[in-house]
Amino acid sequence: MDEWAVKLSDVRKTYRTGPIEVPALRGVTLSIAAGEFAATAGPSGSGKTTLLNIIGGLDRADNGEIWVAGQNLQILSSGDLAHVRLQRIGFVFQTYNLLPVLTALENAEFTLLLQGMPARKRRARVEKLFSEIGLAGLEDRRPAELSGGQQQRVAVARAMVTEPALILADEPTANLDSASAIALLDVMEQLNRTTRTTFLFSTHDPQVMERAHRLIRLRDGQIVSDNTRNSQTAAVA
Amino acid sequence: MNLGLPQLAWRNLWRNRRRTFITMAAIAFGYAMLLFVACLMAGLRWQMIQNGTCLVMSQIQVHAPGYYPNRALQKTLGGRQGTDVSALLATIASDRRVIAVAPRVYGYGLLSAAHRSAGVELMGVVPDQEPKITTLNKQIIKGGYLTTHAPKGVVIGDKLASTIGIGLGAEIVLLTQAADGSMGNDVYTVVGILHTGLDAVDRGLVLMSLTSLQDLLHLAPARIHEVGIKLNHITAAATVAAALEIRLSKTLPVRVKAWPELAPELANYVQFNQGVTVVLFFIFFLVAVIGVMNTMLMAVFERTREFGMLMAVGMRPAQVIGLIMTEAVGLAVASLVLGAALGVPLLWYLQVHGLDLGGATGEVVSVAGVVVGHLWYGRQDFTAYSQAAVGLAVTALVSALYPAWRAAQLRPTEAMRKV
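Protein chains in written order, with our numbering: chain B, 1 to 237; chain X, 1 to 419.
Warning: the hint list may mix true and false statements.
Some chain B residues close to chain X (C-beta under 10 Å, calculated; not the full set) [unchecked claim]:
(1) Trp67
(2) Gly70
(3) Ile75
(4) Gly79
(5) Phe93
(6) Glu163
(7) Ser180
Some chain X residues flagged as far from chain B (calculated, every beta-carbon gap over 12 Å) [to be verified]:
(8) Gly79
(9) His115
(10) Asp158
(11) Gln177
(12) Ile283
(13) Leu338
Computed Cβ-Cβ distance ranges for the label pairs, DEER-style [what the hints assert, rightly or not]:
(14) Ser9/B to Trp405/X: 32 to 42 Å
(15) Gln319/X to Thr17/B: 48 to 58 Å
(16) Ala340/X to Arg120/B: 34 to 44 Å
(17) Glu189/B to Ile290/X: 33 to 43 Å
(18) Arg141/B to Val394/X: 54 to 64 Å
(19) Ala340/X to Arg141/B: 50 to 60 Å
(20) Ala318/X to Met117/B: 41 to 51 Å
(21) Glu127/B to Arg417/X: 28 to 38 Å
(22) Arg417/X to Gln190/B: 26 to 36 Å
(23) Ser131/B to Gln319/X: 26 to 36 Å
(24) Val333/X to Ser9/B: 24 to 34 Å
(25) Ser9/B to Arg17/X: 29 to 39 Å
(26) Thr95/B to Gln351/X: 49 to 59 Å
(27) Arg120/B to Arg19/X: 44 to 54 Å
No lab work stands behind these hints, which were simulated from the structure alone.
These numbers come from a predicted model, not from an experiment.
C-beta: ideal position from N, C-alpha, C; glycine also.
Next up, chain B with everything else stripped away, as it sits in the complex (with noise of 0.2 Å):
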């Protein structure tokens, strides 16, 4: 595993309307290293997910470096992109994003699917996965049958089971009750724990500000503070 899952550089992205142009980030200097479980947070506007996105190569900077994995996205196609992002990133949206159409076990073994493993390894693997954070016995849900939390516990399934170096979460107990999102936060954490794969958030959630074990501020497009929990270290890029 690289040492460093995420690491930017001067990282600028000015988005623009006609004559308008709106800074989204202005300068953000950041590393995470592999195994993190961190959240970023900032008030609407702040660039928090916009940040998102360009970590995992949704949308491209207009400087700086950005190193996901190991893999400098500045300089891939967009068709290289796709491809990291199947491999090696890992998507956990507000609103789960899961197919209607499909299954519980099917929407988390479309990732897999679309890497052309092979069906009965995607079962088994998927499987494993739902009996581990709780999904078990859900697994010919459609979506529509499964209430909000358990959603976006398929959506954590769909993220992880390709088994990426990075998991990106974009407000992802936006939509939940408080206890469905404690339980989403302690399946992740456990994952994070177990699996080392790293977590990195967007949110204005406390709850997921207090379960971070680092937490990263963000307003207008700079960060503002850079917290890891047990240290409490405060270190402003």
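Given the structure of chain B, go ahead and fit chain X onto it with the hints provided.
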């Protein structure tokens, strides 16, 4: 069932069941109508070719060079010496594609009875051979057909009989210029009256035995004007005619003509009929393009956010295109199956019962100078059915290209922001 993109595509199709079903129903109905039209058009072509060739003409004719179309009396096969008719017929019949042959003699003359007369075309046939290549013997409405036992018997059309004012058993005089320049004339008895629906035949044809006409025209038995041929597959007529001409010309100067050359207006109509079928196909495909494109575009618009997610988790644009194209093919195939299920009973009905075109009047219907009959039967045209099916599948693919391309152009971050 194991998950794969085809399974995902199929399930996606049924997300909006009503829309998919309406699109499918429209395409299926259109396909069933195409089958219906193709079947009817093929039936019409077949009936016209069959009736046009089997009523009087025959599918292939063998003549002496220069005989057709003027039908000069002197230009018999083999010239003034004639030919060994039996050997010629045997040679032609030895072709495995030929199922029957019959010799013919033609002349023109004046038919007189009592105080009336009319110009007629005389056709001499062998009574027991001609029915193998034409159906004149089945058009008799009064009396009977020619027999070898009554060589002076003739069959005439009902309109001719009416014009002259004669009926069965009437004695008529035929007057003609014979081959040797003399006048040929004799007395004959009307043994049968026929009705074909073709005015030229019903009003002007006198059918008699080959030997009687040869006697009247002072032609030796070796002198005939024509050999009519029937094939096992009429579609091979031009090919067989060309082959026969090469083969027969080695011993006898001949011209062998297939029905498209003998009846160009019929051949033109057949081509026109096929052209109309093709135009109808294209109209249907155009409608299908609009239907499929509308459905697929709506599906893409509705699932913009989902496509964004799929691309975010690593689905490549080519896979997005593949997914949408698979959905379009699924829609087309399901529509085809439904259309075939709707169309097969129609095709069966058309083939077995036909459409009664003259039901109200009982009149015989003719198209382009060829009798069709008041019942219009369908005929299975599997080539047209498969062309329609393949065309529909291709149409569906082409229709889905634009929606698929649009989906593949989506940027995941923007697509996922769509509500």
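Verification of the supplied hints:
no.: 1; hint: Trp67; verdict: violated, 19 Å
no.: 2; hint: Gly70; verdict: violated, 17 Å
no.: 3; hint: Ile75; verdict: violated, 19 Å
no.: 4; hint: Gly79; verdict: holds, 6 Å
no.: 5; hint: Phe93; verdict: holds, 7 Å
no.: 6; hint: Glu163; verdict: violated, 14 Å
no.: 7; hint: Ser180; verdict: violated, 21 Å
no.: 8; hint: Gly79; verdict: holds, 81 Å
no.: 9; hint: His115; verdict: holds, 90 Å
no.: 10; hint: Asp158; verdict: holds, 71 Å
no.: 11; hint: Gln177; verdict: holds, 87 Å
no.: 12; hint: Ile283; verdict: holds, 34 Å
no.: 13; hint: Leu338; verdict: holds, 21 Å
no.: 14; hint: Ser9/B to Trp405/X: 32 to 42 Å; verdict: holds, 37 Å
no.: 15; hint: Gln319/X to Thr17/B: 48 to 58 Å; verdict: violated, 31 Å
no.: 16; hint: Ala340/X to Arg120/B: 34 to 44 Å; verdict: holds, 36 Å
no.: 17; hint: Glu189/B to Ile290/X: 33 to 43 Å; verdict: violated, 54 Å
no.: 18; hint: Arg141/B to Val394/X: 54 to 64 Å; verdict: violated, 39 Å
no.: 19; hint: Ala340/X to Arg141/B: 50 to 60 Å; verdict: violated, 36 Å
no.: 20; hint: Ala318/X to Met117/B: 41 to 51 Å; verdict: violated, 19 Å
no.: 21; hint: Glu127/B to Arg417/X: 28 to 38 Å; verdict: holds, 34 Å
no.: 22; hint: Arg417/X to Gln190/B: 26 to 36 Å; verdict: holds, 31 Å
no.: 23; hint: Ser131/B to Gln319/X: 26 to 36 Å; verdict: holds, 30 Å
no.: 24; hint: Val333/X to Ser9/B: 24 to 34 Å; verdict: violated, 53 Å
no.: 25; hint: Ser9/B to Arg17/X: 29 to 39 Å; verdict: violated, 52 Å
no.: 26; hint: Thr95/B to Gln351/X: 49 to 59 Å; verdict: holds, 57 Å
no.: 27; hint: Arg120/B to Arg19/X: 44 to 54 Å; verdict: violated, 36 Å
Violation of the numbered hints given earlier is confined to hints 1, 2, 3, 6, 7, 15, 17, 18, 19, 20, 24, 25 and 27; the remaining hints are satisfied by the structure.
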